[in-house]
Amino acid sequence: MTLTLTLRETPSVPLEAEELRPERLLGRPAAEIERLAVWHGNAEMQVGDFFTVAGSGDGEVRVEGDLRRVKYVGSGMSGGRLTVAGDVGMHAGAGMTGGELVIEGDAGDWAGAAMRGGRLIVRGSAGRQLGGAMPGERAGTRGGEIVVHGDAGAEAGAGLRRGLIAVAGRLGEAAGLRMLAGTIVALGEVGPRAGASMRRGSIVAMTRPALLPTFAYACTYRPPFLALYLRRLRTLGLAVSDRQLEARYARWSGDGLELRRGEILILEDAA
Amino acid sequence: MKLHGAEVDDTFAEAFSMVGSRVIITAASPGWAMESARTMTGFATSVIGCKCEAGIERELDPSETPDGRHGVSVLLFAFDLEGLGKRLVERVGQCVLTCPTTACFNGLESEETVDVGGQLRFFGDGYQASKLLDGVRYWRVPVMEGEFLVQERFGTGEAVAGGNIIMLAPDEVTVLRSAEAAVAAMRAVEGMILPFPGGIARSGSKPGSRYAALMASTNDGMCPTLRAQVDKTHVPEGVGSVMEIVIDGLGEGPVRRAMLVGLKAAARAGATHITAGNYGGELGQYHIGLHELLTQDAETRA
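Heads up: the protein sequence lines correspond to chains A and Y, in order. Under our numbering, think of the first position of the first sequence as 1, with each following residue one higher. Under our numbering, think of the first position of the second sequence as 1001, with each following residue one higher.
Hints listed in this document are in silico derivations from the structure and should not be mistaken for laboratory results. Hints may contain errors.
To be verified - Sample of chain A residues with no beta-carbon within 10 Å of chain Y, all distances over it, derived: (1) TRP39; (2) ASP109; (3) PRO135; (4) GLY169; (5) ALA210.
Said to hold, decoys possible - These stretches of chain Y come out as covered by chain A in the derived footprint (C-beta under 8 Å, 3 or more residues): (6) 1063-1071; (7) 1131-1137; (8) 1143-1149.
No residue lacks a Cβ here, since even glycine has one placed at the ideal position from N, Cα and C.
Whole structure, please, built from the sequences with the hints as guidance.
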């Protein structure tokens, strides 16, 4: 059975709900869950002040209602499965280390920021700084998988150090900004300034992006690792075509202002 | 005990504990995957002379490989983990990395692993790059042809080496036909390899020699040409040729299954006698009895 928390009404100011993660909820009686702390603006309140708690989960939690003003859902989660039945506010899944967070609608800014592990699936679109670095931090996501079925806002994968970010729709400007390693796969359009100041890592583009002049063309080839990644994305539900799996990719090395050890791989003959 | 006209000795194969690994080689075509696998498993017939034993387990369909290309699975065995790691680095480095279009993956899930890609990455001279996908680290090594992809760590497992059957017949044509039939049947068993050329050894050995420098020498008791010379011959009258099939497996089960199907196929194909090699039971950890295999087999009992 699934443990379900239903938001009764949209909060007037943002609600910070860091306790909404499986390891804090599962195995607890409803009354105890209702007493967990949330921050409503600058006031410390309780989960029960906003949510109705029903059922008892044995590994899965579902959160329902208009959660666009609810922040930090699933942040820091380390296991289990948490599903948000709709849109969710900022910092969803930020810093998570394990488990699976599924957002059936759109995610706000900083979704999956500074992740360490686990999987974040966004069925809709994500805001800015998807899998990005927390302010003041050099490195962003250090592990795990982020899959967005819609678009992603600016600076997705900023400071990415390890892990995989895949976006089916449009990838916003400056994706992979200052990235250190890891992989970003863009199945749709790629915004300008992708890979700006990247040191290492890979950005894979299925459309032709406007490249910064500090990227240099190397060759067109079949990167063997890409087959593994694209097949993995297929199993995660993204529409990867046979052509994308079998095609050659143009390798552009950059950013020349940094180590020039990163790469942007562009599908051959991409539009 | 008679099996399809062949006399099966009441004896056992004496096999040994080793450590093994499974290497998946993929390439742009089945031919190049096989080319690399053949090269990697060359000169790997006996751990005594070659430091490891290796062979091709089977060809893999694209649906069975990590990168969706045609592949070949190779099994490699050594005395211990250290030796296994060294042999893998040598052979993957010299025979897979160098082969056009190949990539190399671990094919044995295990907590005990050895570092292979993590050593071979240094061929990249600083230009290598790693990828971590779903908890598995891979190394991308730039090469003139493009890029060599190799998994960092390879799983290892307890293995059984030295399972065997020995076929005897009046002449070498008949015994070879019998051995070939056995090999063809045994190849269908997963988790094992037959490390000798074409799966067949014509030169079974005994431990030791009259020459101090040699660890092993010809099995004179099984040489038909020496029947009248040696103190004790094991070659029955009328036998003119003897051949052996050695089996290494990832566990005792595959070795036993291979021996059983090999026994039956060899008997059907004309061997007049079938026996097995052992050292009196004092060296190997595994004793696989031929009669035991046959009496436990439902088909044979029927």
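Out of the numbered hints, which ones does the structure contradict? The structure conflicts with no hint, since it agrees with every one listed earlier.
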